[in-house]
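Asker: Residue numbers (the working numbering), protein chains in the order written: chain A, 1 to 521; chain B, 522 to 955.
In case anyone wonders, no lab produced these hints; they're calculated from the structure.
Misleading hints may appear alongside valid ones.
As the list claims (entries may be wrong) - Computed far set for chain B versus chain A, every beta-carbon distance over 10 Å:
(1) Val552
(2) Arg569
(3) Ala611
(4) Pro613
(5) Val713
(6) Arg777
(7) Ala782
(8) Ala809
(9) Glu837
(10) Phe838
(11) Leu873
(12) Pro905
(13) Asn939
(14) Gln951
Claimed, not checked - Sample of chain B residues at the chain A side, in silico, Cβ under 8 Å:
(15) Ser543
(16) Tyr545
(17) Cys554
(18) Thr571
(19) Gly587
(20) Asp591
(21) Glu593
(22) Leu595
(23) Glu636
(24) Ala912
Beta carbons are placed, not taken as given, at the ideal position from N, Cα and C, and that holds for glycine.
Take a look at the letters that make up each chain.
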Amino acid sequence: MPQREKPSKPHLESNPGAASSPESLLGDRPWAESCEATARPASAPVELIGRLQAIVGRENCLTRSGELFAYECDGLTLEPRRPLAVVLPETTEEVAKVVHACREFDIHFVPRGAGTGLSGGAHATAGSVLIECSRMTRVLAVDAEDRFAIVQPGVVNAELSTAIRHLGLFYAPDPSSQQACTIGGNVAENSGGPHTLKYGTTTNHILALEVVMPDGSVQHLGNQTGEMPGPDLVGAFVGSEGTLGIVTEITVRLTPIPEAIETMLAIFDDVVPACRAVGRVIRSGVVPAAMEIVDRRTIEAVEASVYKAGLPKDAGAVLIVELDGSPVCMEGEIRTIREACNAEGCQAIELARDEEERLRFWRARKGAFGAMGRLAPDLYVHDAVVPRIHLPEILEKIGEICDRHRLKLANVFHAGDGNLHPNICFDRRDEDELARVIQAGEEILKACTAVGGVITGEHGVGVEKRDYMHLVFNPEDLEPMYWLRESFNPDGVCNPGKLIPTTRFCVESNPKARGYDEVPL
Amino acid sequence: MSADLSNSYGGAPSLASLLDRSLYTDTLDCVHCGLCLTSCPTYRATGRETASPRGRIYLMRGLAEGLLEDTEVLEEEAFLCLGCRACESACPSGVHYGEMLENARSAIRTEQAREGRLPLAAKIERFALREIVPRAGRLSFVVSLLGIAQTLRLDRLMMKVVPARLAEMMALAPPVPAAKDRCAMPPLTSAVGERKGRVALFEGCIMSEFFGRVNDATRLVLSRAGYEVIVPEAQGCCGALQAHSGDLNFAHDLARENVRAFGDDLGDIDAVIVTSAGCSAALRDGEAWLGESGAKLAGGVRDILEFLDEVDLDLEFKPIAKRACYDDPCHLIHAQGIASAPRRLLNKIPKLELVPHANPEACCGAAGIYNLTQPDMSKRVLSPKVESLAAAKPQIVATANPGCAMQIASGLEEAGVNASVVHPIELIEQATRP
Chain A
1 MPQREKPSKP
11 HLESNPGAAS
21 SPESLLGDRP
31 WAESCEATAR
41 PASAPVELIG
51 RLQAIVGREN
61 CLTRSGELFA
71 YECDGLTLEP
81 RRPLAVVLPE
91 TTEEVAKVVH
101 ACREFDIHFV
111 PRGAGTGLSG
121 GAHATAGSVL
131 IECSRMTRVL
141 AVDAEDRFAI
151 VQPGVVNAEL
161 STAIRHLGLF
171 YAPDPSSQQA
181 CTIGGNVAEN
191 SGGPHTLKYG
201 TTTNHILALE
211 VVMPDGSVQH
221 LGNQTGEMPG
231 PDLVGAFVGS
241 EGTLGIVTEI
251 TVRLTPIPEA
261 IETMLAIFDD
271 VVPACRAVGR
281 VIRSGVVPAA
291 MEIVDRRTIE
301 AVEASVYKAG
311 LPKDAGAVLI
321 VELDGSPVCM
331 EGEIRTIREA
341 CNAEGCQAIE
351 LARDEEERLR
361 FWRARKGAFG
371 AMGRLAPDLY
381 VHDAVVPRIH
391 LPEILEKIGE
401 ICDRHRLKLA
411 NVFHAGDGNL
421 HPNICFDRRD
431 EDELARVIQA
441 GEEILKACTA
451 VGGVITGEHG
461 VGVEKRDYMH
471 LVFNPEDLEP
481 MYWLRESFNP
491 DGVCNPGKLI
501 PTTRFCVESN
511 PKARGYDEVP
521 L
Chain B
522 MSADLSNSYG
532 GAPSLASLLD
542 RSLYTDTLDC
552 VHCGLCLTSC
562 PTYRATGRET
572 ASPRGRIYLM
582 RGLAEGLLED
592 TEVLEEEAFL
602 CLGCRACESA
612 CPSGVHYGEM
622 LENARSAIRT
632 EQAREGRLPL
642 AAKIERFALR
652 EIVPRAGRLS
662 FVVSLLGIAQ
672 TLRLDRLMMK
682 VVPARLAEMM
692 ALAPPVPAAK
702 DRCAMPPLTS
712 AVGERKGRVA
722 LFEGCIMSEF
732 FGRVNDATRL
742 VLSRAGYEVI
752 VPEAQGCCGA
762 LQAHSGDLNF
772 AHDLARENVR
782 AFGDDLGDID
792 AVIVTSAGCS
802 AALRDGEAWL
812 GESGAKLAGG
822 VRDILEFLDE
832 VDLDLEFKPI
842 AKRACYDDPC
852 HLIHAQGIAS
862 APRRLLNKIP
872 KLELVPHANP
882 EACCGAAGIY
892 NLTQPDMSKR
902 VLSPKVESLA
912 AAKPQIVATA
922 NPGCAMQIAS
932 GLEEAGVNAS
942 VVHPIELIEQ
952 ATRP
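Taking the hints into account, I'd like the entire structure generated from these sequences.
Answerer: Written out as structure tokens, the structure reads:
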């Protein structure tokens, strides 16, 4: 870290009711500056474009309107933002040079991986250049003995596991978009996945990072042993959604492929008893690798798609339980899970017959989100977490909210860790429906936080949930996050407007400012 | 020539209006999840969103919704696409990308012609695909000329004097087969032994000129398997290359001729057997192209490998002691979902060691005549294919589409890999020879 002048201690204010309304949300935070300060250029300076072209080559610097149009959003199609330019660097040096050039012209920049994120974390905030890492796809080193790999940020999650399979190793975090999403994006979002239940999220698998800081310097955080004296800066970086800097090299922990894997499907009449069965399994002390629930509407969509796996279409819900580890333990654990499911009145339990069927189940589960494109033109993939004990009641509540707003809901979620994904199918061209989707989304988040949950489990805050942060944090809680960002990214030039709510002014002047800057999300 | 061709676009819908209608509705199937990205060879090569299926669809939607005015990027990216349809195999939402691409390309070419800015290369391509490829006599004449040039080694000489681009195109051309392999197929081949059924063979234009031996092997195996094989004389080009090039209306005309040639109701034909994956995929589009009138032919189409796998094949296989790789043609695996049938058939051949190689389902870069129209990208896509095949060290590479066979053969030769490239049916024919 470069030497910087320490920021003065923020003026703290005691306001116990602060989280209750947007106006009081930010209080007199010193960082709650005016929106006007964020007015940004509408086009990139010609000289800057010339510089960027010289750094990455003409064909890797995109500036035509059609090209910029295609980059206006990631997996969140609401609230698109056209970048000033898109650069596709190939090396750390190029990223650093691009950052230097942007700084010189006072232009903001936003890192992007494959653009599969669901909270708009890679949207180009007004007047910024997108730094797209899709050409940084090299696996730089693999050490089978010490079980780590060093990769560039554009390496695709699933392809890393494929590349090291012959060594008997895999990269454990498996977000459902793993066939396309990148490790760099996973670091930014601290991505989870079905196997988070046993293996933890991305942060548990990152040993060290090389980052290009917002001032263009290159820093190394952490170390391949995973041990480093002093504050855990790697931990701070993972999940910071690209607001602290740009990751250019990642040292990941590799995990041995388990000796045995068994995957079971338990079929239920409804999602509620399936959730109760999950509670029973957890109470029994067995830790499955994954416990996932898909509901009837999700099954219909998946079974109509290329990822069909023969899930029963008449089931109200299917609970997928995966066990892995030593074969000697497996039998007893399977028995425990059978008992838990039977106690909640499950109709049937099937075991995947072979590896091919097991993979088919998982492809179906992981293709579920995309398959919902069959139900309506647009899909709002929601993400929230509740304590597992509250799963049954919260699912009923979410169903009730969507019914009341006349919205089509499909549930597919990581039941084992209480991470919900209520997916709302809609048509964004229908303004009334869009408004109801946003309203329902907000009510769902409030219902989840009311029982002690949080507003995102793995998709991140981005622009989508930035202004819902107050549901979980009061201004005193947000303060240290702000100062952390400030110490890495002092002028807010890297991925501005994401994650941490910024301006009191915006919220006050436009109560509908539920997304970034001006338009309601 | 150019005036002529421009006129022939008359009456076709413009880019905006076409995007407004069916294509626009199709773009709504995409929820922008991005699962297609890594399946796309041009995205992998460039890292550009605009060179991905998701990006191209987003551009189509943007143009249709009036959010984007500039058509330039879509015009380029639509033709940089290989049309391999690997994205369809990855798409959980069931987007009909191949169909959308053909519609978009057709709309683009129509618009360009109307505005008098059709690129010269597109004019030449259109001329060849309308006036030479679908006309058996003319195609045969051109291929004969190429054959003479090859025999006299004129091609190598010419390569030194013609522009580099043309030289590359000539290098891709496979050796023209001997005259006996280019003569017409017998109109009827009886079944050997008890007759199980009657099938019609679709010859294909390039297939019959360069791969007559594949069609002949097909005829022989079918006959040995108990099928009477007819070769309807009036059949013609399937229209795949024309449709891929954005000349959809002309492709539809060709499809109509084939519907007539095989009989509107197929008569007593059990199946229309096709030996080229590109052709079988296009013929299967008959319903989408022509509506009900094309449905019967489309429904009767079977790729030869699919057909042999479906029927109860009562043949004795003799061993072929070779090491082989099977490489999936995109239009077989992605457009028709046929992947295991060819492997099951090859596994019937004793001692044929079928070895896996990395990414057999990835495009080789041939993509119809893409290797001629986009030679640079075609080479970038071919190179990982050649690498993965070379690593598997096969003696034989089997693939079921003429374009792929030519492309892979030229790639292997350039890399100094010594393996022969054949259609799986040739191996089956050899193994079942009485």
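Asker: So B:Ala611 supposedly isn't at the interface. Is its beta-carbon more than 10 Å from every beta-carbon in chain A?
Answerer: The claim breaks: B:Ala611 does not keep its Cβ more than 10 Å from every Cβ of chain A (closest is about 7 Å).
Asker: Does B:Thr571 pass the interface hint, meaning its C-beta sits closer than 8 Å to a C-beta of chain A?
Answerer: holds, 5 Å
Asker: Report holds if the minimum CB distance from B:Arg777 to chain A is greater than 10 Å, and violated otherwise.
Answerer: Answer for B:Arg777: holds, closest chain A Cβ roughly 31 Å.
Asker: Would the least Cβ to Cβ distance between B:Ala809 and chain A come out above 10 Å?
Answerer: Label holds. Min Cβ-Cβ 18 Å, cutoff 10 Å.
Asker: Evaluate the condition: distance from the CB of B:Gln951 to the nearest CB of chain A exceeds 10 Å.
Answerer: holds, 31 Å
Asker: So, as I understand it, the hint says B:Gly587 touches chain A; can you test that by seeing if any CB pair is closer than 8 Å?
Answerer: violated, 12 Å
Asker: Given B:Glu636 as an interface hint, is its Cβ closer than 8 Å to any Cβ of chain A?
Answerer: This interface hint is violated because 17 Å lies over the 8 Å limit.
Asker: Taking the least C-beta to C-beta distance, is B:Ser543 closer than 8 Å to chain A?
Answerer: Nearest chain A Cβ about 15 Å off; hint violated.
Asker: Is the nearest CB of chain A more than 10 Å from the CB of B:Asn939?
Answerer: holds, 26 Å
Asker: Over 10 Å to the closest beta carbon of chain A is the bar; see if B:Pro613 clears it.
Answerer: violated, 3 Å
Asker: At 10 Å, judged by beta carbons, does B:Ala782 keep clear of chain A as stated?
Answerer: Correct as stated: the minimum Cβ-Cβ distance to chain A is 33 Å, above 10 Å.
Asker: Was the hint right that B:Asp591 lines chain A, CB cutoff 8 Å?
Answerer: At 4 Å from the nearest chain A Cβ, B:Asp591 passes the 8 Å test, so the hint holds.
In this structure, the hints that do not hold are numbers 1, 2, 3, 4, 15, 16, 19, 23 and 24, in rising order.
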